[in-house]
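The chain contents come next:
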Amino acid sequence: MSTEDTREEELKGVGCSRKRKEDPRFIQGKGNYVDDVKLPGMLVGKVVRSPYAHAKIVSINKEAALALPGVHAVLTAEDLKPLGLHWMPTLAGDVCAVLADEKVSFQYQEVAFVIADNRYIAVDGADLVEVEYEELPVVVDPHHAMDADAAIVRDDLVGKDEAGQGSRKHNNHIFNWDVGDKDATDRAFESAEVTVKQKMINHRVHASPLETCGCVASFDKVKGDMTVYMTSQAPHIVRTVITLLSGIPESKVRVIAPDIGGGFGNKVGIYPGYVCAIVASIVLGRPVKWIEDRIENLSTTAFARDYHMEGELAADKDGKIKALRVNVLADHGAFNTHAQPTKWPAGLFSICTGSYDIPVAYANVDGVFTNKAPGGVSYRCSFRVTEAVYVVERMIDVLAQKIGMDPAEIRMKNFIQPEQFPYQSALGWEYDSGNYPAALKKVMEAVDYEGLRKEQAEKKARGEIMGIGLCTFTEIVGAGPSKACDILGVGMFDSAEIRIHPTGSAIARMGTISQGQGHETTYAQIIATELGLSSDDIQIEEGDTDTAPYGLGTYGSRTTPVGGAATVKAARKIREKARKIAAHLLEVSENDLEWDVDQFRVVGSPDQAKSMKEIAWAAYNNVPDGMEMGLEAVDYYDPPNFTFPFGAYLAVVDIDKFTGVTTIRRFYALDDCGTRINPMIIEGQVHGGLNEGYAVAMGQELPYDTEGNLLGNTFMDYFWPTMVETPKWELDYTVTPSPHHPMGAKGVAESPHVGSIPCFSNAINDAFMQFGAEKHIDMPHNAFRVWKTLQEMGLNKD
Amino acid sequence: MAKTHIQFTLNGQAVETLVEPRELLIHVIREQLGQTGSHIGCETSHCGVCTVDLNGASLKSCTVLAVQANGGDVTTVEGLAQSGELHAVQEAFMQEHGLQCGFCTPGMLMRSYRFLQENPNPTEEEIRVGMSGNLCRCTGYQNIIKSIQVAAQKLQAK
Amino acid sequence: MIPGNFEYHAPTSLADALALLGQYGDEAKIIAGGHSLLPMMKLRFAEPEHLIDINGISELRGIREEGGMIKIGAMTTENQLIASEILWDKCPLIPTAAKLIADPQVRNRGTIGGDIAHGDPGNDHPAIMLALGASFVLAGPDGERTVPADGFFLGTYYTQLEEGEIMTEIQVPVPPAGSGYGFSKLKRKTGDFATAAAAVQLQLNGDSCTQINIALTNVGPCSFKASDAAAHLTGKVIDDALISEAAEKAMADCDPSEDLRGNIEYKTSMAGEMVRRAIRSALSNAKGE
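Protein chains in written order, with numbering that gives the first Met the number 0: chain A, 0 to 797; chain B, 0 to 157; chain C, 0 to 288.
Any given hint might turn out to be false.
Stated by the list, open to error - Examples of chain A residues toward chain C, derived with CB under 10 Å:
hint, residue
1, 186
2, 188
3, 192
4, 193
5, 194
6, 195
7, 293
8, 549
9, 698
10, 714
11, 716
No wet-lab data here; the hints were simulated from the structure.
In this text, a Cβ means the ideal position worked out from N, Cα and C, and glycines have one as well.
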């Protein structure tokens, strides 16, 4: 091995499966999660919640609760009203009740907040708050939300012809959003040789990280400072919102996101519990902790999906797609608290043309209010990308079935070809890079696709049911260019600040926040490669708004595409300064220097070199005339475009025809996330995302009864597979760098979730299609639902 | 409500405290005794992030009263390393990337620690069954299984 | 999810436990493994004023064989059942089924007596006990009585256990040579209750079935024996057709309630399928296959 390779290896930079910097504290029980925070004089809050989905609040009697020793206060909307805090703005231009104002609009809605000495007394106190309700008729089914006689979910919006996202046509209507050339699309359908149309549901689910949401708010009455420890995927924007809500100057608000026990989108939003804790701390002048229990988490803090879609494809008889049309009814629950870039009411749903070269397309989304918990967050995906990928990946299979073509063949026929990049999609995106045919071909060869199809046919002849699912997805992540994306007016850039110490170690802070993705490890690798310093000497810090530069946080696979790019850019600023210092030290012109792993050397005279460590020392005592001392840089990166990770997945399932139980025999996942920073971490992210996709496709759901009662809000019912149920994962990859990202990286952690859900669903549908199933089968594909299909088709017999 | 005096061994140290009978072991360990390594996840004994060792058996400390641990011997993740040396399961989880957000990790480690004493040389299938009381949202389990296999090898080599 | 307040009692003898139970009556609850009771208390569905913890009564634990009978202390945990050589040797149905209950940690706390006495139709031991023809020893203020499993389960959370009584022992007749057992359970995931489960214990003489018990979990208000199904097979050489007919008869006895595990039709159908599977495995077992 050459010394150059050795030096490079010692850096543990990009491409290295470096062991994680975070792990020593986590394996020794020394993580610091929000519920571990204990401040002197800290009180605990508990939310009193509505048992009804829709009811008028007749009265609230706090007396018994206040009489309980250890209870300090009980807050209701009446108490928050004078402060103007009984309602709060949402990221989507709507407002959301902090504590129910005159009526409740979903079951488990926040009605009162009891603050007590400890969590035991807080729960006892909450039990003693007497609330008298008068039940109202409910709207549960979104398809009936805009009926003429539908109950009105939101009295506060009656008579308003918009709810923050454009005009609306009914009291329960939130918005209409459409994109694409409708007329051209309609014409393409009229003249098409083949058309298919299919309704499908991306059912309501919840990200439910193992750590629930919570915070500790601590207001210092003397200094006027507010410090909030919070499970937040976006602490900086939370700080801004706290200022906007409370009037406390942003300089006096400090939000700290400590170690986070998984986010998956659940911890993007700002929830009433947080606001209550903050207000309580201001009112009482003591720190107040609020931690959700699991039932509260599953019932209130931001569900995902609930997209009722109708997909249509027009094609010629050989399967070449001519047009795509999608109509969506989106159930946002009682308040429009979906977490998307503010101008995008349906997020990035317009990625729904997928990996295919579709000449024209049109998508149309209506959002409605129902008496269900509010939300619509992105659960381990960029905004509404799972829904978009699901509809196109199911529809292409539906089309394949209609014309009798193999699902792999129809994909190959319609892929955007490698030479078409950058590719302008019919719905307005510029895909950065991709090689879809190569990815699918690699998967088909790895699993012996032909052999699997043959086996499937043999099994069918024996009355056994096997399914093969494909998914060749394209994501859109890394929100986003500020011209397109903002949250409450703040552009969706991200940031990095790197400081090199005199002895050559470094500290770097970012505007993002890790929730298990290993940022402390991987950011250091990027800097190591860019600056020639060992990643072991680079300390990464995130999540404290007093120290980290402003950033929009971690969700929508934006850390690597945006924060990672900021890190590269900041590092390169430092390298350019280092080049000047090196030239000064070596007494040569800058142009005579070349970068070599961890040093600048003189071109043609490699013995003359200055290592980055030497340069760092010099930066603090011997810089060229006119140069400032020190070696640090900050970068706020506004990406020129999104990135478009892609992949090809294949699932093989066997269905027990008597019970409906599905066994995942194989799952092969090929991902292309561009440049790979830490393969070990990438693989771990993919494993985890696949398992979440498995959970969503095969069992998770938040079902409501006709009265708006949520059924199944504990881990008894809500499906989280254990090791026993979880399949084995086989991983593969290709590398197609992003041309516009400074290191070619695209982001990876959400691909396996986005890509695996339609893959599982396609496998189940494939299993039934071979027996002549004519209609699409909706998720979740749990044993009961699969059995119902078996029963309907008469397949559950010997 | 009158408080009850309890004492037990926590990670090798004798501890005593006053508790209400209704206080759950996990709350007492975390909030009174300050050992916050063990976590709270589901509160219905499904997720296992509160798994600790009591008298040589794994249990979910969200579904045991602190008074029931009176006189017992409790080990949490903080007690796994001995004389500054990490336990093999801790080493293996780091080596094989068996954790991500770290929230399930203390419970996973405590269950692995006990499981490998119950079954020092498990098959993959036995690991899946033996660890089925612990949920992880991040890893998809594959690297946890690998970690336990590696830990088993490390322990056998000792 | 925090339990309400209660007074805690930890008797170390059965006599003390019975005295406490007598003293506090319906204000008291017995806690065994606690994995049914504590979650209900956290949700405040149960708010006993006195909790009598019988974990400290060592006389209630242990497994022994005595006079053709296996006697299991009511406080014996699921993992102790699974670890019992006597049971694997003499009555493998019990540990086979116990392995499918909850998860390893819960099985360290959950007890056979708690599982039976709770009267939850989703618990598995009641059906196993019905299949094995077990009896339960109930201790009360006036002494002990022994009641057969058959007839003990009266409804959801409703058994023959009377106020003031504690289940102390489970007695299982050792199945004779030529017997076979089968247990089939369908569940959504580890840690869930059964969508449906069936326990079968049978005896063959040559190829002919001389005696068979079939019992079901979670497909009615309480566990029950599918007696018509059993009668249909008794005295016959069991073949596939007979198994299917028996399963149909068992299904006719089912009265499940709909929940997220499935509707009535599915659960009933799954009960039939579990019966089929359990009979088949009991037959193979009896034939030494």
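Inset, instruction - Would you list, in rising numerical order, the hints stated earlier that this structure does not obey? - result: 1, 2, 3, 4, 5, 6 and 8
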